[in-house]
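2 protein chains.
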Amino acid sequence: MTDPRGILYVVGIGPGAGDHTTPAALAAIRDAEVIVGYTTYIKLVRHLIDGKEVIRTGMTEEIGRARAAVERARAGSKVVLVSSGDAGVYGMAGLVFEVLRDLGWRRGDSPALRLIPGITALSSCGSLVGAPLGHDFCAISLSDLLTPWPVIARRIEAAAAADFVIGLYNPASGRRQRQIVEAQRIIRQHRDGATPVALIKSAYRKLQQVELSDLDSFLEFEIGMLTTVLIGSSNTFVFEGYMVTPRGYTNKYTWDGEAMAGQVPGRSLVSPGALGTGERKA
Amino acid sequence: MTDPRGILYVVGIGPGAGDHTTPAALAAIRDAEVIVGYTTYIKLVRHLIDGKEVIRTGMTEEIGRARAAVERARAGSKVVLVSSGDAGVYGMAGLVFEVLRDLGWRRGDSPALRLIPGITALSSCGSLVGAPLGHDFCAISLSDLLTPWPVIARRIEAAAAADFVIGLYNPASGRRQRQIVEAQRIIRQHRDGATPVALIKSAYRKLQQVELSDLDSFLEFEIGMLTTVLIGSSNTFVFEGYMVTPRGYTNKYTWDGEAMAGQVPGRSLVSPGALGTGERKA
Numbered sequence: 710m711t712d713p714r715g716i717l718y719v720v721g722i723g724p725g726a727g728d729h730t731t732p733a734a735l736a737a738i739r740d741a742e743v744i745v746g747y748t749t750y751i752k753l754v755r756h757l758i759d760g761k762e763v764i765r766t767g768m769t770e771e772i773g774r775a776r777a778a779v780e781r782a783r784a785g786s787k788v789v790l791v792s793s794g795d796a797g798v799y800g801m802a803g804l805v806f807e808v809l810r811d812l813g814w815r816r817g818d819s820p821a822l823r824l825i826p827g828i829t830a831l832s833s834c835g836s837l838v839g840a841p842l843g844h845d846f847c848a849i850s851l852s853d854l855l856t857p858w859p860v861i862a863r864r865i866e867a868a869a870a871a872d873f874v875i876g877l878y879n880p881a882s883g884r885r886q887r888q889i890v891e892a893q894r895i896i897r898q899h900r901d902g903a904t905p906v907a908l909i910k911s912a913y914r915k916l917q918q919v920e921l922s923d924l925d926s927f928l929e930f931e932i933g934m935l936t937t938v939l940i941g942s943s944n945t946f947v948f949e950g951y952m953v954t955p956r957g958y959t960n961k962y963t964w965d966g967e968a969m970a971g972q973v974p975g976r977s978l979v980s981p982g983a984l985g986t987g988e989r990k991a
Numbered sequence: 710m711t712d713p714r715g716i717l718y719v720v721g722i723g724p725g726a727g728d729h730t731t732p733a734a735l736a737a738i739r740d741a742e743v744i745v746g747y748t749t750y751i752k753l754v755r756h757l758i759d760g761k762e763v764i765r766t767g768m769t770e771e772i773g774r775a776r777a778a779v780e781r782a783r784a785g786s787k788v789v790l791v792s793s794g795d796a797g798v799y800g801m802a803g804l805v806f807e808v809l810r811d812l813g814w815r816r817g818d819s820p821a822l823r824l825i826p827g828i829t830a831l832s833s834c835g836s837l838v839g840a841p842l843g844h845d846f847c848a849i850s851l852s853d854l855l856t857p858w859p860v861i862a863r864r865i866e867a868a869a870a871a872d873f874v875i876g877l878y879n880p881a882s883g884r885r886q887r888q889i890v891e892a893q894r895i896i897r898q899h900r901d902g903a904t905p906v907a908l909i910k911s912a913y914r915k916l917q918q919v920e921l922s923d924l925d926s927f928l929e930f931e932i933g934m935l936t937t938v939l940i941g942s943s944n945t946f947v948f949e950g951y952m953v954t955p956r957g958y959t960n961k962y963t964w965d966g967e968a969m970a971g972q973v974p975g976r977s978l979v980s981p982g983a984l985g986t987g988e989r990k991a
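These protein sequence lines map, in sequence, to chains A and B. Per my numbering, residue 710 is the first one in the first sequence, and the count goes up by one each step. Per my numbering, residue 710 is the first one in the second sequence, and the count goes up by one each step.
Please keep in mind that the hints were generated in silico from the structure rather than gathered at the bench. For glycine and all other residues, C-beta sits at the position ideal for the given N, C-alpha and C. Please note: incorrect hints may appear among the correct ones.
[What the hints assert, rightly or not] The list that follows gives simulated cross-link-like pairs (lysine-lysine, DSBU-like), each with its CA atoms no further than 35 Å apart:
1) B/K761 with A/K961
2) A/K961 with B/K787
3) A/K787 with B/K910
4) A/K752 with A/K787
5) B/K961 with A/K752
6) B/K761 with A/K752
7) A/K915 with B/K787
8) A/K752 with A/K915
9) A/K910 with A/K787
10) B/K961 with A/K761
11) A/K787 with B/K961
12) A/K787 with A/K915
13) A/K761 with A/K787
[Unchecked claim] Chain A regions said to be covered by chain B (calculated; three or more residues, Cβ under 8 Å):
14) 771-782
15) 790-801
16) 809-823
17) 852-860
18) 953-962
19) 974-980
Next up, chain A with everything else stripped away, as it sits in the complex (with noise of 0.2 Å):
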C-alpha cells in the first residue's frame, strides 16, 4: 500500500481571485494529477487545470468529495483537494482526516499529506470593510445541518456576552432563515443597537457586495448562504464608511507614542479608574 506512494494536498485558495491565492496553493494544483472540489471552487480554478483529471461534486456530497480524493490519492495518484478560504477552518481538511482514520491510514501510508493554508473568510471579507477583527474575535456556523442548534446558541450567547468581535458563517439559506434572526435577538440583549455590522457577500469575486449597518438594522438587508456576517465588539466603530476594531493603543499612549499618566510602556494596563487622577470616567 506504501509503494508507490500517492500524494493528497489539501488546499484553501483564499477567496477566489487569483491575486489572493498563494504561490504554494497554486503550486499544489499545478503539481497534481487529480482535482477534486465543489463545482463552484473548480471554476474559479479552471485556468490551471487544463489536461487533469477532474472530480466535481455537489454541495452536499462533502463526504464522498472527501472518499474520492482520498481514495485516489491512497492509489498512488497525486490528487488535490481544493476548497475556498481556508481547507482547515470549517473545510474539508477535518472530514479527510475522519475518512483516513476510518480507512485505518498510518503515518507513512501513502498518501502523504500536504496541508497548504489559505485566506480565511474572516480575513478577506475584513479586508473589504476596514478592521473589524483588531481585537478578540469569534467565528461561530449558524447551520444547525450538522450541530444541534441549543450548542450554536449558547455560543452566540457567551461571544456576545464576553464583548467578542463576531463573524457569523452560513449565517442563512434559502431553506434556513430562522437562525440569524434568533442570533440577533440574543447579541442584542447584550450590546448596542448601533453596534457596527458588516455584510460581506462574495468577497473578491465578481458579484462581491459589501453593505455596513449596525445590529438593530441588518436584518433588512438579503443574507443568503454566501453572506458572512461581522458583528462588531463594544469597541467597534465605524469611520469614513469603514469598521474598525482598535487594539487599545489609545487607553495608554498619546498620538506621540509617549504613555500617558500613571502608565508604563511593557507592563500590565492600569485600568483608569485605578490611577486616582480624578480623570476617571463617571
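Following the hints, position chain B against chain A.
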C-alpha cells in the same frame, strides 16, 4: 492635500515564507516606494525591496510606525506598511485608521487606502498540526499591555464554557508569564485534562517548532512571544499526531454518505436523544 494623491498599502504577508504570501501582497510591496515595518518583518521581504526607502521601527513603536506610514503616503508617496499574518488581525490596520481619524482624513483625501489580506496565524499554525479549526473557534490575545486583564479573563471563561476551539495569541513574553498559567486554570475548569493542545512557534519560518500536548501538560513546554497556542474543543481529537476538530458529519451520515435513520439531508440535525430509537447514549 489630494493632489498628488499618495497610496497607503496595508499588507499582511502571512507566515512570512514567500510561498504563503499572496500575489496581491507581493505586488503591493513591489509597487511601493517606501516600506514601513517592524525590523523582523522587513527582513522577511528583503529580497523585494532593493532600491526602496525603508523605515524600520522596533516592536513597541507601533504608533510611530503607523504615523510614519500615513504621513509619507499623505504627502504623495506610495507606501506599504508590512505586517506578518493578516494586518487586520491584531495588526497595524486598526491603528492606521485611528491615526487617519486623528488627522481628520476623509475618503477621497490623500492617501488612498489599499488593504491586502494575509494568512493569519490561526490558519498557518492550524495547517501545521492538522485541522484544529474545523468548527467554531475564537482568538484571544493574552497581552494585558493594552487590555485590562479582567476583560481578557472573562473572554477565556466564556470561550471555555461555550466549547469554542481557542487560539491564544501573545501567550507570554520574557516579562509576562502569569497570563498563560491563569488561562490554563480557567479553561481546565470547563474541559477535560486530555483535551488536545498544540503549540506552534515561528510557523513556516526557519526556527519553526510544533508540539502536540494536552490541557493538563502543555505548560511544561516553553511558551514565548512567537508561540501560538491552540486549545481543542470537547470534540477535538488526536489522530496519528494530527489535531482535528470535526465538523460533525458523523452526527448525521454514514461513511457511504447516506443519512442515518431519523436524519434528513438539508434539514436541521435531529439530536440522537430525540430520535427514540433506543440508541441514545447512556
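Verification of the supplied hints:
{"no.": "1", "hint": "B/K761 with A/K961", "result": "holds, 33 Å"}
{"no.": "2", "hint": "A/K961 with B/K787", "result": "holds, 30 Å"}
{"no.": "3", "hint": "A/K787 with B/K910", "result": "holds, 30 Å"}
{"no.": "4", "hint": "A/K752 with A/K787", "result": "holds, 20 Å"}
{"no.": "5", "hint": "B/K961 with A/K752", "result": "holds, 29 Å"}
{"no.": "6", "hint": "B/K761 with A/K752", "result": "violated, 38 Å"}
{"no.": "7", "hint": "A/K915 with B/K787", "result": "holds, 27 Å"}
{"no.": "8", "hint": "A/K752 with A/K915", "result": "holds, 13 Å"}
{"no.": "9", "hint": "A/K910 with A/K787", "result": "holds, 33 Å"}
{"no.": "10", "hint": "B/K961 with A/K761", "result": "holds, 33 Å"}
{"no.": "11", "hint": "A/K787 with B/K961", "result": "holds, 30 Å"}
{"no.": "12", "hint": "A/K787 with A/K915", "result": "holds, 31 Å"}
{"no.": "13", "hint": "A/K761 with A/K787", "result": "holds, 11 Å"}
{"no.": "14", "hint": "771-782", "result": "holds (count 4)"}
{"no.": "15", "hint": "790-801", "result": "holds (count 6)"}
{"no.": "16", "hint": "809-823", "result": "holds (count 6)"}
{"no.": "17", "hint": "852-860", "result": "holds (count 7)"}
{"no.": "18", "hint": "953-962", "result": "holds (count 10)"}
{"no.": "19", "hint": "974-980", "result": "holds (count 6)"}
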